[in-house]
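Top line first, the protein sequences correspond to chains A and B. Under my numbering, the first residue of the first sequence carries the number 1, and numbering increases by one thereafter. Under my numbering, the first residue of the second sequence carries the number 572, and numbering increases by one thereafter.
Among the clues, some could well be false.
[Said to hold, decoys possible] Pairs of lysine-lysine, DSBU-like flavour, derived with a Cα cap of 35 angstroms:
#1 B:812 <-> B:1134
#2 B:794 <-> B:1134
#3 A:393 <-> B:1124
#4 B:647 <-> A:493
#5 B:1124 <-> A:76
#6 A:563 <-> B:953
Since the hints were made in silico from the structure, they are not lab data. Because the structure is a prediction, the values reported are computed rather than measured.
2 protein chains.
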Amino acid sequence: MGKNIVVIGGVALGPKAACRCLRLAPDTNLTLVDENTFISYGGCGLPYYVSGEIQALDALRSTNYQVVRDPAFFAKMKGFRVMTQTRATAIDRAKQCVHVKHLDSNTEEDLPYDSLVLATGAKPRIPPFEGKDLRNIYTLTKLEDADQIRKNCESGAVTDAVIIGGGFIGLEAAVALADMWGIHTTVLEMDNTLMRAVLPETLGKVAEADMVKHGVTVLTSEKTLKFTGENGAVTAVVTDKRTIKAQLVIIATGFIPNGQLAKDAGLPTLGNGAIIVDAFMRTEDPHIYAGGDCASIVNIITGKHGYLPLGSMSNRQGRVIGTNIAGGSQTFPGFVGTWAVKLFDMSIAATGLTIDRARMEGFDAISVTVEQLDRAHFYPEKDMMALEIVVDKKTRRVLGMQGASANGQGLKARIDAVAALLQCAKPTVADVSNLEVGYAPPFAAAMDVVNVAGNVAENVLDGHFTAINGIDFADLWEKRSDNTIFFIDARPKGAGDALAQKHPEWHPIPLEQIEAELPTIPKDRDIALICNTGLRSYESLLILQRHGYTRIKNAMGGMQALKQMGLDPKA
Amino acid sequence: MGKNIVVIGGVALGPKAACRCLRLAPDTNLTLVDENTFISYGGCGLPYYVSGEIQALDALRSTNYQVVRDPAFFAKMKGFRVMTQTRATAIDRAKQCVHVKHLDSNTEEDLPYDSLVLATGAKPRIPPFEGKDLRNIYTLTKLEDADQIRKNCESGAVTDAVIIGGGFIGLEAAVALADMWGIHTTVLEMDNTLMRAVLPETLGKVAEADMVKHGVTVLTSEKTLKFTGENGAVTAVVTDKRTIKAQLVIIATGFIPNGQLAKDAGLPTLGNGAIIVDAFMRTEDPHIYAGGDCASIVNIITGKHGYLPLGSMSNRQGRVIGTNIAGGSQTFPGFVGTWAVKLFDMSIAATGLTIDRARMEGFDAISVTVEQLDRAHFYPEKDMMALEIVVDKKTRRVLGMQGASANGQGLKARIDAVAALLQCAKPTVADVSNLEVGYAPPFAAAMDVVNVAGNVAENVLDGHFTAINGIDFADLWEKRSDNTIFFIDARPKGAGDALAQKHPEWHPIPLEQIEAELPTIPKDRDIALICNTGLRSYESLLILQRHGYTRIKNAMGGMQALKQMGLDPKA
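The following block holds chain A by itself, in its conformation from the complex (with noise of 0.2 angstroms):
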């Protein structure tokens, strides 16, 4: 007879981890204990069930191959005893055991280990909001939420929704909700833009244009105070700023680690509850393995502990920890920080940390933002792609990159392989500037949009040029009349006239006539060059810097970026 494991937790990790264990190890006397009904499902895939693009919930709990994964399932293909409804309430070190509670028949046991995997998973964290336990309140983390939310869509009742949290699941359920169902649908968000820890402003703002334009209504810098309902039923969300109608209410404001059960047993914890464990995925305690949702591991950039909460984390977690409980001895390298989300026409991606979230680490960082085309720009289908890179100054450094593009798929390309860079080095500039990716006209420029962040990056450490974004230059222009500066707009001929004639502020002067404009261009006040997307701009400033001129910001992504935010001068 093999070892005793007990796994607490049913949902991603716990179950990956006891397959993996049986595998190595078949005469492991493994049991998984989960406190719901439903285990094993693809809890990412929430939204797209609400959405009605998938069918059926089974759906989100069936193999590849179409099969449901029930307990009878890990029973009779996998070799290991499932318990649903079944609570874990403690966890005794000294005895290795846990003890635990059948909610159905109401009775306890005590369950021997020789090693223990915590995966007890996150719950959706709900601030006290008054009223928040009137009906058809609801977060995205069950499949029952998601069950009742789309009965609630399909009855027809919901003509205007509210989505309390700008981050993924919200922004995700907003899309499904609007875009399938035609619910107004309005995001309210604390922040002053969208996505705003795992995002810089620039791209927050790029995320909130692309809701816009598909009717979703964004509400940033607003907090939620209160729900007020009519027969138990919410009716109403109440800010600091409005009230908003809305018959139904999904509340997408984070999550909490359960790290309760393993700090009863004293097992140290993060600040937010998530259990710590080392490079073997083991706890302070050699016995006990945490993984998921319920666990911190290290940033690989800051060294530090961190908090990642994702189905693909915990699906390769999982698997370490299997080895390990089965006698093998592999390693998790921590994590860098990757994700990429969907919304409507614009995909949003990014790995490492924000230009924010790097200067709050201590780090004296600088970022840059690039909008290029992403395939050969003679190549008839493309997409613009904005990268913004974020780079240390002193050491140079790469710490992270965020992007958007339509181009989803292609977005993740250049995401990943900076994500790969980051996970095993601390690549600087250079290796983004000189990195190797696939290319052909259908796929990439000759010199990719990755590879240009990293010039730019390069361009701007060195002291070549000063880049603004896109914000900063609509602030500029913005404040106008309270400044002096003068504002170039390098495009072709004619594409800034409207703007001109009504703004005599607006310069259009092409790039192929800035030399001949020289002397229109003044030398003692500070210049705002602006394109399309950064280019031409870049040419002209060039140009500038070969005749003496020292005073030029750049607007890197140009209108392009400008427009996206919607943040674009009008004519």
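We have chain A already, so just place chain B on it with the hints.
Chain B only, in chain A's frame:
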């Protein structure tokens, strides 16, 4: 006055190096010479001009911001002199000058240099076929070629074309002719599969099946002998097996680096003529740099000098050379060999070494193939993706990955991430298993196909099971009368019935029924398992192993892989 710099060659690397140098050291006296009329064009775009997807040749000579890059452009916008129709005939290293001949005026002069850049590119390799000088036989390396080929197509006089060589350019040319012009096109390849130098047989067959499906005739293991013609124009290609009608022939049998000038000056070159440079892109002579298609840099994986003629490499190397001739000190890390090509439905991409190349380089390597959905299986839009991973047995070091999918951008994402790993470390198979890539259902599976490739390779290396690829399986099936293999089809009930009716050796035993069917499965014979993609058969294998079966081979990629290669058993 700054330094004198001479650049020989004006297509990709030359202009890039020159622009970068002038940008950093504007007072440089830089002269670029090229023996042709057209310079600075995107040679990789030529197949798309032939197809008509690119309307005008000028698009290939234009900047991102639509300005044609001619000598006047470089003089005015970039500050250096370009002399076209000017051939460099000798380098006098002692005197530090280049002897040039102006082809239009038939005059000669010496250009003195402080630094010299060799960007002489490569010329097409044309085997000495009889009749190779007939009209309408082309290569596809210059604007003039592409223009002529397209004119031939537009004339309507071409009904049959032959492409000699089944590498990238040959296949891109075949797609252009067959897809856009409806010309009956034959690809002739000496080797047994397409792109044999850079792809394993399995994926070469996937490429072939895609070509054949779209009406291209692919003839492998067939040698071109000569061309025959009438009135000086080609009318047929004669091979060692047949005569093929053709009014148009494109020879795409590789490149020869233009290293003669360097060799004549006593600089070391590789066997193929490529000029050997160090990490600073400098030849043995500290005053002479070389890069792009004429140069040999280090292959990071083998540590030996190698050759990768791609426009993207030229651009990045050009920037490094430009920095160095302007007084900087930047290095280029070498190459790992990353590329991508779009055929009809399928895209193919790869990085690092193939299994055959790895063995040639002395590695004791294995490779395994996986075939899986590229996105969450419950997400409505998704494609199959095949990946082959190449691993050194003893060190478990990953040496390369090749792949194929209809989702070309998504394939690029997996290949580029592994390419980044290969560039900055000696990654092990565990690094690929744990590789953190962007995840959300529209982009990836929670356990992404790239991670699965790592997982499977680990399992095979650890002896947990024996994997065979589709070619191996098809071969075993083909020779079933000579072997005693027991073939099991683990697909769902019904899927294998037609095959079994025709062939009694084919045993349809769905995964769900394998335990019940154990008495019918012999323990003393080798078993070959197959299903749709390799997943159900793998689960069946686990069950058989638990019941003491040891002699099992699992067909990776399953019937999907076989179908993609056109090798699936027929009922």
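Next pair to validate is residue 393 of chain A with residue 1124 of chain B; report whether the Cα-Cα distance is within 35 angstroms. Measuring from Cα to Cα gives roughly 54 angstroms; hence the hint is violated.
Just to be careful, I want the Cα atoms of residue 1124 of chain B and residue 76 of chain A compared with a cutoff of 35 angstroms; is the pair within it? Holds, at roughly 22 angstroms.
Check whether the Cα positions of residue 812 of chain B and residue 1134 of chain B lie no farther apart than 35 angstroms. holds, 27 angstroms
Given pair status - residue 953 of chain B, residue 563 of chain A, alpha carbons within 35 angstroms: Holds - the C-alpha atoms of residue 953 of chain B and residue 563 of chain A are around 31 angstroms apart, at most 35 angstroms.
Hey, residue 794 of chain B versus residue 1134 of chain B, does the alpha-carbon distance stay inside 35 angstroms? holds, 27 angstroms
Taken at face value, is the distance from the CA of residue 493 of chain A to the CA of residue 647 of chain B at most 35 angstroms? Holds, because 18 angstroms separates the two Cα atoms, which is no more than 35 angstroms.
Checked against the numbered hints listed earlier, the structure breaks hint 3 alone; every other hint is satisfied.
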